[in-house]
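Residue numbers (the numbering used here), protein chains in the order written: chain A, 1 to 327; chain B, 328 to 555; chain C, 556 to 688.
Where hints are given, some of them may not hold.
One side of the interface only, derived from the structure: several residues of chain B facing chain A at Cβ under 10 Å [claimed, not checked]: (1) Gly453; (2) Asp493; (3) Pro519.
Heads up, simulated BS3-like pairs for lysine-lysine below, C-alpha to C-alpha not over 27 Å straight-line [stated by the list, open to error]: (4) B:Lys400 with A:Lys283; (5) B:Lys383 with B:Lys413; (6) B:Lys502 with B:Lys529; (7) C:Lys575 with C:Lys638; (8) C:Lys638 with B:Lys334; (9) B:Lys400 with B:Lys545; (10) B:Lys481 with B:Lys529; (11) C:Lys638 with B:Lys383; (12) A:Lys45 with A:Lys29.
For the record, the hints were derived by calculation from the structure and aren't laboratory data.
Ideal Cβ positions, reconstructed from N, Cα and C, are used throughout, including at glycine.
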Amino acid sequence: MVIAGCGTEARTVADEVVRQGGRAVLLCKEPSGIADRPNGRMEVKASSLIAVRGAPGRMTAVTEDGDVECSSVIVADEPASVALMPWTTPLRSLPEGRGPRGTVVLDLRGGPDRRGRAHALEAAIEMLADGTKVVVLVDEVLAYGHDELLYRQAQQAGALFIRPLAVEREGQRMDVMDSISGAIISIFPDMVVSETAVNQPCTDRGSVSMGPLSTYRRGVLRLRANLLEDELRTEARAAAAIALRPPAEMPRPAMVDEGKCSACLTCVRICPFRAAYMNADGKARIDGDRCMACGKCAAACAGKAIALPGSTDTDLDARIVAAMEGE
Amino acid sequence: MIIAERKGLDRIIEMLDGRRSILVAGCRSCVSVCQAGGEREVVALAEALRLHAASKGMDRSIDTVTIERQCEKEWVMEIAPLIEGKDAILSMACGVGAQIMQQAFTDVQVFPGLNTEGMGAPEVQGVYEERCGGCGDCVLHLTGGICPVARCSKSLLNGPCGGSQDGRCEIDPEKPCAWDMIYRSLVRLGRPDLLEINIPPKDWSHSHHGGPRRVVRKRAVLSEEEVA
Amino acid sequence: MNKVVTLICSAALGALELAKENDIVITDTAVVEVPCSGRVDEATILRTLRQGAQAVLVVGCLASNCRFSTGNFEAHRNVDEAKRILEEIGLSPSRVEMVEVSSAQYMKLVEAMEMMADRAGELGPIRLLEGDP
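Generate the whole structure from the sequences, applying the supplied hints.
Quick look at the structure:
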């Protein structure tokens, strides 16, 4: 299986996987100090995880340097994804990094990594030179060397740095509570920009009853961060054990009757597993690798175009009538 | 798209008083997207009417159908067999669809199940906001893409009015001031100069105020020989 | 014929099993399993009442603990819609209710089912409301 991460967590899990009889591919951008295991049971790739495809037992980890086939993926080193505010633009989509006139809020909370932050600040400095007002939202300002220089330059160019306790959006207004003074600053941003602005976290942690270490993707597990040594050992052991289990059969996915689909986007918006998407013909389709057969889309579909095998309206009616007659 | 809202069921039941054999007809187009008259709402409404009839000991039969677009004659005529024996058609389409239904089926009265609320778009899932005033003389290029007819409560063409406070409308403070939005949009676009243009009074004869409008697309009109 | 129908999600079903293990007998209610409470739409609830049920209980997971992450939100919305419809057609909205339980909360589930059975008794069958045959 594939383990994404660089730190102690990732290495501990990788070792545990090997110890329990599996094979591990460790994805780490700067793998200094980690060596391939001589018996070929663990391989280290200097790359990072971009996306995950497939279902347990036949997954593909898409990395910067190509695909890796695996049975499951364990994520051991990823910053918590921050819920994006609506209408957040990715930095990379701005032409030549130029911002619009007016006020731009650059949201750097929850990441990105150092390189991404540097890129974002450089873009901010250019925008400021253009006359755009820039407000930068950051989690913390830990700056050494080159980072410190960039922050200083951005500040001198006129960027306003805020470390928010809370950010609320109401219509056009954004209220930011400064964590140091407690003051609330109201901004009317013309654009909210994020360096990553990735709205599709593939490894969001699932709710408690979805199973330990589970995420919204079957076959993808996620370790908790900041674990103490013995906690980490237990967590790694559990992760490896779960990942090495024979893959559970995926349930029969929901199916869309394209003739009845109005392309209203309801299913796309409400699927907890992001299994529903619009196909090339502009009709909804359910990805069988992601669908967990909960039936939410079948209930919510505006056109009654989605059926969940085993729980269609006819199935439910039959079961209800039978149960009422005491069978 | 067209946004619409279902009438209260009590109102619908009132309208259908005395009718015994009803066809509930939905539409797969706009009213499906704004969740007012699509198949889901048709099925739920039919169930509600049946339940109501049962509770009153009323003998009533309810049939359902959802039409691809209730404003297209061909699709409407496809359901002609379902009209047999019906004494009421409850149209769950917008006002346009309901009219086409009545035009097609002259013997059976059509009842509107929805109130049509204009042209709009989803703000988020489940929240549909009016966006276009249908004035027939669009000036969106002068207002940074914000419709002054639909989105300004007073439909001002050279706003804002004196009541604009904190970006809010004085008619309904829950709503943003359209001209505040227009200003910001034009600044964002780098065209604040457009604010200096005085938009002349609208020629409302291009809108409904000039009577029901008719658009002829010559390129599409078929000649007599072509019409099969 | 059972007066109450309970539509229960696969996760909360554990609570029912636990109730049986504790020798609690549940009468007068028909239990139907759904994969997730979010599968239940307002039409299904209304159809159930039309089939003769006097009350419908929808059982889902606790708010942020849905086994399918957010299915119970859909269920709540649809139960509320069913209640609104009942009110508009002159029937009591309390015939339909949603309850959230964890698979360990068997007492909470049993109490909810008993409460719906009581309501069904008080409100009576839908057909007889107006005294017509």
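Take the C-alpha atoms of lysine 45 (chain A) and lysine 29 (chain A), compute the straight-line distance between them, and say whether it is at most 27 Å.
Cα-Cα ~8 Å, so holds.
Satisfaction of hint between lysine 383 (chain B) and lysine 638 (chain C), Cα-Cα up to 27 Å
Roughly 18 Å between the alpha carbons, so the hint for lysine 638 (chain C) and lysine 383 (chain B) holds.
Pair hint outcome, lysine 383 (chain B) versus lysine 413 (chain B) [Cα-Cα no greater than 27 Å]:
Since the Cα atoms of lysine 383 (chain B) and lysine 413 (chain B) sit roughly 20 Å apart, the hinted pair holds (cutoff 27 Å).
Restraint check for lysine 481 (chain B) with lysine 529 (chain B), where alpha carbons must lie at most 27 Å apart:
13 Å, holds
Under 10 Å, Cβ to Cβ, is where proline 519 (chain B) needs to be relative to chain A, so tell me if that hint holds or is violated.
8 Å, holds
Can the restraint linking lysine 400 (chain B) and lysine 283 (chain A) be considered satisfied, given a maximum Cα separation of 27 Å?
24 Å, holds
Take the C-alpha atoms of lysine 400 (chain B) and lysine 545 (chain B), compute the straight-line distance between them, and say whether it is at most 27 Å.
20 Å, holds
Restraint check, 10 Å cut-off on beta carbons, for glycine 453 (chain B) near chain A:
9 Å, holds
Hint check: lysine 502 (chain B) vs lysine 529 (chain B), CA-CA at most 27 Å. Holds or violated?
24 Å, holds
Going straight from one Cα to the other, do lysine 575 (chain C) and lysine 638 (chain C) come out at no more than 27 Å?
Judged against 27 Å, a Cα distance of about 30 Å means the pair is violated.
Aspartate 493 (chain B) was flagged as interface toward chain A. Is the shortest Cβ-Cβ separation under 10 Å?
8 Å, holds
Is the hinted pair lysine 638 (chain C) and lysine 334 (chain B) satisfied, with a Cα-Cα distance of at most 27 Å?
Distance of about 16 Å is within 27 Å: holds.
Figure legend: structure checked against the earlier numbered hints; the only hint not met is number 7.
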